[in-house]
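**Student:** If you read the sequences in order, they're chains P and D.
In this text, residue positions in the first sequence follow this note's numbering: the first is 1, and each later residue adds one.
In this text, residue positions in the second sequence follow this note's numbering: the first is 1, and each later residue adds one.
Bear in mind the hints are in silico, worked out from the structure with no lab data behind them.
This structure is a prediction, so every number in the text was calculated from the model and none was measured.
You can take every hint at face value.
In silico lysine to any residue, SDA-like type, Cα no more than 20 Å apart, as pairs:
1) P:K67 to P:R6
2) P:K64 to P:W105
3) P:K32 to D:R56
4) P:K32 to D:R68
5) P:K32 to D:R6
6) P:K67 to P:A114
7) D:K81 to D:A13
8) D:K81 to D:Q93
9) P:K32 to D:L65
10) P:K32 to D:I63
11) P:K32 to D:G64
12) D:K81 to D:E143
13) P:K32 to D:D67
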Amino acid sequence: MVYVTRRAEFSASHFYHNPDLGPEENQRIFGKLNNPHGHGHNYVLDVTVRGDVDTRTGMVVDLKDLKQVIEDEVIQAMDHRFLNEEVPAFREIIPTTENIAREIWRRLEGRIGAGQLHRVRLYETADLYVDYYGE
Amino acid sequence: MVHLTRRYRISAAHRLHNDALGPEENARLYGKCNNPHGHGHDYALEVTVAGEVSPRTGMVIDIGLLDRLVEREVLDRFDHKHLNLDVDNFRDQVPTTENLCLEIYRLLAPNFPVWSVKPEDEPEDTGREDSAPGARLLRVRIEETPRNFIEYEAEDGVRHGR
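Start from the sequences and build out the full structure, keeping to the hints where you can.
**Tutor:** Written out as structure tokens, the structure reads:
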């Protein structure tokens with residue numbers, strides 16, 4: 001089993017707000033992150049695919065195909081976007097790093113040509129990242 | 001189940017030396033690290049917690065809460081200290097990166113699980129009605145230099161949410 005990781009970057013804005021809670025409770029829980037105009041990050045995304053090396057190609061997955069899927073499913077949708085407004089999933093759930101990683105998994109799952117999607121790692125900053133393995 | 005990792009920095013001095021061994025054996029074993037005057041590193045510490053994402057907050061753990069916990073248990077204790085001389089944790093063990101990693105895990109572990117509650121000034125049970133179970137400590141990783149790092153991970157159950 002070999003693990004192949006492709007890195008991509010996107011910049012996006014977001015804010016944290018739960019409409020089921022009042023303004024004071026939102027402010028208490030989320031603080032500065034609750035500013036409705038949003039704030040932004042340069043996200044770094046590592047997508048890891050696992051699988052056996054194909055004896056014919058020497059590859060687990062064709063990296064240019066993987067790059068294209070990430071481009072189509074994630075970068076087009078999220079790069080230079082206001083996540084709360086422009087990504088439909090985040091009208092229902094809060095675009096925390098945790099939830100963005102899970103949304104990226106949902107977008108990529110089943111779209112990887114060869115191998116198995118293993119991990120989505122999303123850095124919000126160099127000092128904060130989440131890993132999601134699909135369960 | 002999502003794993004969340006937060007990175008911190010610790011600058012500290014230490015000396016690798018085992019009193020139970022003679023000077024020649026210490027010099028042989030630890031080389032330059034045995035210098036009696038000590039030396040220092042900018043350690044990078046990564047703390048990874050595992051948990052379900054709270055539907056209420058979208059979070060595994062409140063980052064501010066994790067920061068305060070790590071600051072209280074680890075950074076206040078070790079940052080800008082001499083590990084052999086200024087803290088009790090290495091009176092009876094050599095402050096290698098391995099032992100530092102284990103010691104940090106031991107200091108953090110009793111504070112978990114952590115619920116996605118806000119500051120300590122809230123009533124004790126606030127947030128525990130939250131449907132997400134508490135976040136658990138999964139892994140401590142410490143880099144002594146960018147070329148040397150040690151990881152200690154909780155038993156498999158934490159990784160897989162059991």
